[in-house]
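Undergrad: Sequence:
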Amino acid sequence: MCGIDTSNRIYGGEVTKIDEYPWMVLLRYKKPGNRFGFHCGGVLINNRYVMTASHCVNGRDIPVDWSLHQVRLGEHDTSKNPDCEEDDCAPTPKDILIEDRIPHPNYIPTSRNQRNDIALLRLAETVRFNDFIKPVCLPTASHLRNNDFVGQSMDVAGWGKTESVSASNVKLKVRVNGVSKSTCNSIYSRQNVVIGDEQICAGGEKGKDSCRGDSGGPLVALDNKSPRPYWFCVGLVSFGPSPCGLEGWPGVYTKVSHYISWIQNTVRA
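Reading the sequence shown from the start, the letters are residues 28 to 296 in our numbering.
It is worth saying that the hints were derived from the structure and are not from the lab. No residue lacks a Cβ here, since even glycine has one placed at the ideal position from N, Cα and C. You can trust all of the hints, since none of them are fake.
Per label pair, the in silico range of CB-to-CB distance: (1) 232 <-> 158: 31 to 37 Å; (2) 132 <-> 169: 24 to 30 Å; (3) 269 <-> 90: 17 to 23 Å; (4) 63 <-> 118: 20 to 26 Å; (5) 114 <-> 138: 48 to 54 Å; (6) 118 <-> 218: 40 to 46 Å; (7) 216 <-> 41: 28 to 34 Å; (8) 292 <-> 108: 34 to 40 Å; (9) 275 <-> 90: 30 to 36 Å; (10) 152 <-> 116: 22 to 28 Å; (11) 217 <-> 92: 33 to 39 Å; (12) 223 <-> 58: 31 to 37 Å; (13) 60 <-> 108: 21 to 27 Å; (14) 113 <-> 224: 44 to 50 Å.
Given these sequences and hints, build the entire structure.
TA: Put into structure tokens, the structure is as follows:
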């Protein structure tokens, strides 16, 4: 089962529970001098694949001497091991090597609009699920594939990891609302950016700090229309204003529903 989050959450809090958003992934890069660092996020979609933004794989801001090396699953606080909440402790996070990096073939790293900013990472071994490591669902149902998510409440979670900034040791969350493409375009046209149908905008409200998401990390929503509600991935963090969290500037996400066929055709057993 994908998209099942067992955490009994309380909203308004910023720090997540240790078992909240169990599909969240950190991407670990190998740097010169045998150094390592987390600089992007991703989302687990099955027992062998992680989905992330293409700009985290072959983007213009990734230094040429870095290599995307591993994913980390089941993490909450990167400064502690194990992660505990009162007497409840999570198992040690799982680091898995990446076997194959698959950026979208139509992604252009230098493009201003950052269309097709989606990639798949095939892991070198099969993931064993537990309460802290579970896949998110993809928006395959027709009512999700055809949804524009305007005004819909969604969650962004992460550690604030980007190519250049490492914001938090602890997984944080923020709730954002979907913004219409026309509104988003009227804002981003000032930067000569055109938002397309394969993108979605969310956030930009005062006090809602979108800096909590990771570059390449998931924007998720709860599908209440099914008999058993489940979480699905609406988008992947692509770009936003600089500095992030700027009032009136929504974040721009790759719209996952636009890429279901590509994902299904690319994933192999």
